[in-house]
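So the protein sequences, as listed, match chains X and H. In terms of the numbering used here, the first sequence opens at residue 280 and continues consecutively. In terms of the numbering used here, the second sequence opens at residue 280 and continues consecutively.
Some clues are possibly wrong.
Same chains, same names: a pair is fine if it fits in one copy or spans any two.
Below, computed lysine-lysine pairings styled on DSS-like, alpha-carbon distance capped at 27 Å [to be verified]:
| # | residue 1 | residue 2 |
| --- | --- | --- |
| 1 | 399 | 551 |
| 2 | 399 | 611 |
| 3 | 690 | 493 |
| 4 | 496 | 750 |
| 5 | 348 | 551 |
| 6 | 399 | 608 |
| 7 | 611 | 517 |
These are computed hints drawn from the structure, not numbers from a lab. On a predicted model such as this, the values are computed, not experimentally measured, just so you know.
Number of protein chains: 2
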Amino acid sequence: MTRLQKEDFSSWYLQTIQQAELMSYSEVRGCIVFRPDGFELWERIQAEVDAYLREEDIRNVYFPMLIPKSYFMKEAEHVEGFAPELPWVTSVGEEELEEPYALRPTSETMIGKSFHEWIKSYRDLPYEINQWANVFRWEKRTLPFSRTSEFLWHEGHTAHADEADARRRTLHVLNFYVKMLEEFLAIPVHAGQKTPSERFAGAVDTFSIEAMMKDGKAVQAGTSHYLGTKFAEAFDIKYLNQENQHTYVHTTSWAVSTRLIGAIIMVHGDEKGLVLPPKIAPTQVILTPVGPWKKEPKILETLHGIQSELKAADLRVRLDDSDSTPGFKFNKWEQKGAALRIELGPRDFDQKQFILKMRDLDTKETHLLDHLTPSFIQQKLDQMHDRLLINAQNFARENEHLTVETLADLKNHIKTCEEKQEIPGFVLIGWDGSEETESRIKEETGFTTRNIPFDPPIKKKYDLVSGKPAKHTVWIARAY
Amino acid sequence: MTRLQKEDFSSWYLQTIQQAELMSYSEVRGCIVFRPDGFELWERIQAEVDAYLREEDIRNVYFPMLIPKSYFMKEAEHVEGFAPELPWVTSVGEEELEEPYALRPTSETMIGKSFHEWIKSYRDLPYEINQWANVFRWEKRTLPFSRTSEFLWHEGHTAHADEADARRRTLHVLNFYVKMLEEFLAIPVHAGQKTPSERFAGAVDTFSIEAMMKDGKAVQAGTSHYLGTKFAEAFDIKYLNQENQHTYVHTTSWAVSTRLIGAIIMVHGDEKGLVLPPKIAPTQVILTPVGPWKKEPKILETLHGIQSELKAADLRVRLDDSDSTPGFKFNKWEQKGAALRIELGPRDFDQKQFILKMRDLDTKETHLLDHLTPSFIQQKLDQMHDRLLINAQNFARENEHLTVETLADLKNHIKTCEEKQEIPGFVLIGWDGSEETESRIKEETGFTTRNIPFDPPIKKKYDLVSGKPAKHTVWIARAY
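Build out the structure end to end from the sequences listed, making use of the hints.
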């Protein structure tokens, strides 16, 4: 077996997503084509988010993608944060535009304008909407799914009567993200607050969930922002309160993006290719005839019967009756992350049994054909989900380092990891709240503050760099 | 009752979509904001199209929105057709791009590039995919939902081994569109072939469905194109056939867009506002307490019970327990196109009955509360769908004119309609196949050829303008 994942994670990643036919490169800088299996992962995430939104009575809308230049100018921090990455539409056909339009990097400004128009009274609050959209951020370094010039996301935007209600929504969404990642994507995360230097441009407070990839680097997998009254002031979003006073609303915004697809692959994938949590796998069950099956029509007949039965129970099942060898098929569907494989050949059939292979386990199991029911298969898939989550939790715990006290310790830790070919992972540090500490760490180690976790495993007492008393306990890591 | 719809259809339309809160204007030229009720109409159309795609095993993908300028240059007719309407991204941040990108008006070129890469052998064919996307066409005159600079659509793209298979898919999709419009949107259409001058830029054959609005104008509600080998030649899309020869594929593309929302409104709406086909209405049932209901808690209790029961049966039901008067509420929910209203007050309650009002009928009905079940409501909604379709069919038939033989006849028909304040509707004409006939008609009457229907009610013998023998029988009309 190759050791590409261990030895060159980045090459492994690029090879895996292409062999699995999740994407193709395009000639548009930093943009990719989402092929069917790649896009289906996104569609399944969409369905989970939409279910949350429905439950919360937050409805979908759609805003123009083009944002007039003047809109960005209204919120100073916002424009400063996004300006270098904005693509500009300057002409149509042969004609120059009077005012250029930016391709949206996010929609706070556009939506602020409409909130101003729609929100009148306390009776309209909270005002909560969501948009599914393509957004653009022309970043220097790009990586398929993880960081692309164009990506897909949902962006929730809400307006509230006061800070408490806005903060309630901000955290409620963050909790939903935590739950979705664990229960649906089998990805454990650390939820917490971003440091001021890592906040969303224009936010009062940014909260994030941070996940550890198999190379130890972090992916910021979802964010939720409390925007205070900043956008309300920039776009004059006021409501008449119960005392008949015009009052600024408090707004929030929150998002997960197609970057989650990158996280799924980097958390669960192995040397053979994709490993997909069964709840999201486009192929949950792959049926493969083996042995001299072409001479025995009953093999294919039986597999067709199994396929129909599992399909009827809403399982995503495919039958590979191509001419390729069993070995080729096993390999192909392992690369593509099919969760469960059923092999059936004449010899098994005569013994009224079949072979079952879970994607994440090395061993094969033999079962009686009589036991092959949708609920049996569902149980196997559920168990696989649990294993993937536990494995990812264990992996994260093993690579979280809690006893690094000084910058020298940190450098030493990184050096030791490099020598042993181990991953440096996440490091928990004390922080005095200064930007100086953050920039020193970043310059000297490439580690950045991920977040201030709500539930740190321990509380750190002293700042990693200054040695001063710590105000916060913070996760730091290298990040995508 | 106002007669705005009759007297000024265009003002009626703009007033209706705003009062119903389907959309808001934006400051981006020709772009609108889809508000929740407007976007939900689109989400329901999406679900219908996705169900067709699933049945046909056509999977969703996503391509970059930006298209390099050089791509357009590869298919001459295509670039000529779209060039004047293309918005261009020419810079990012402060930097000029070397090659500008167009915002996609459609994705044949982008997808052609990928088909070249993905399609190798006859075993890969047919290769069929679909994309949900925002697209841009900077048209001179815009109208919300109907013709906007940015709009949403799905675009199916397929590649086939030969012309016959490609044409089969082209028409199969068109038939699905016919069925969807009738069975889901209660809109009758004429399916047929576009004349060469009205073809999609780069198509060999374009087929369309054309619907009549209440002002007699046509909406091209869906199109399906047979593209021959034009894009295959432009993008070198070849496959190895069973004789081991490299052969060009035959491609198709097809789409419906958010323009369908405009059609729904203009086919069914009335003087009071929106009338929505029940299968697509965001509010199928509106519950309104009436009379001195606040003094009798059992009224609201009963309505809450009804709401739960109908919701559990997947009916889309809302309860309006605001402080407004019943008259205000009736008006509001009629404007918004709620399909069915249930009124309940203390007097009804004492008599164990409730009032039912269908949006499309003038009369109220009284029923026993015991009869209020989900299946009873569903039956009422199904009957409303049938009525809307029959009404639209009757309206179309009454405004289709089959006996216009010459250009003088046509002008006379239009003049008569103007005098009588009637709508000129659709006119069936004979056509010798010349562009001259089409342009004379357009210049002198504003009518354009809609399509050559597959099943014309009669066959016309002579060209409307030239008097020469007709090659085709064609629907003409003024169009959105």
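**Message:** Please sort residue 399 with residue 551 into within, between, both or neither, judging by C-alpha distance up to 27 Å.
**Reply:** between (57 Å within a copy, 25 Å between copies)
**Asked** How would you classify residue 399 and residue 611 at a CA-CA limit of 27 Å: within, between, both, or neither?
**Response** between (58 Å within a copy, 18 Å between copies)
**Item:** residue 348 and residue 551: within-copy, between-copy, both or neither at 27 Å Cα
**Value:** Neither, since 48 Å and 39 Å both go past 27 Å.
**Prompt:** How would you classify residue 496 and residue 750 at a CA-CA limit of 27 Å: within, between, both, or neither?
**Reply:** Within one copy only: 25 Å inside, 69 Å across.
**Request:** Go through the copies and call it for residue 690 and residue 493: within, between, both or neither, with a Cα cutoff of 27 Å.
**Result:** For residue 690 and residue 493, only the intra-copy Cα distance (21 Å) is at most 27 Å; the inter-copy one is 75 Å.
**Request:** Have a look at residue 611 and residue 517 and pick one of within, between, both or neither, based on CA distance no larger than 27 Å.
**Result:** between (57 Å within a copy, 25 Å between copies)
**Request:** Could you figure out if residue 399 and residue 608 sit no more than 27 Å apart (CA to CA) within one copy, between two copies, both or neither?
**Result:** So residue 399 and residue 608 pass the 27 Å test across copies only (19 Å; inside, 61 Å).
Against the hints set out earlier in the document, a violation occurs for number 5 only.
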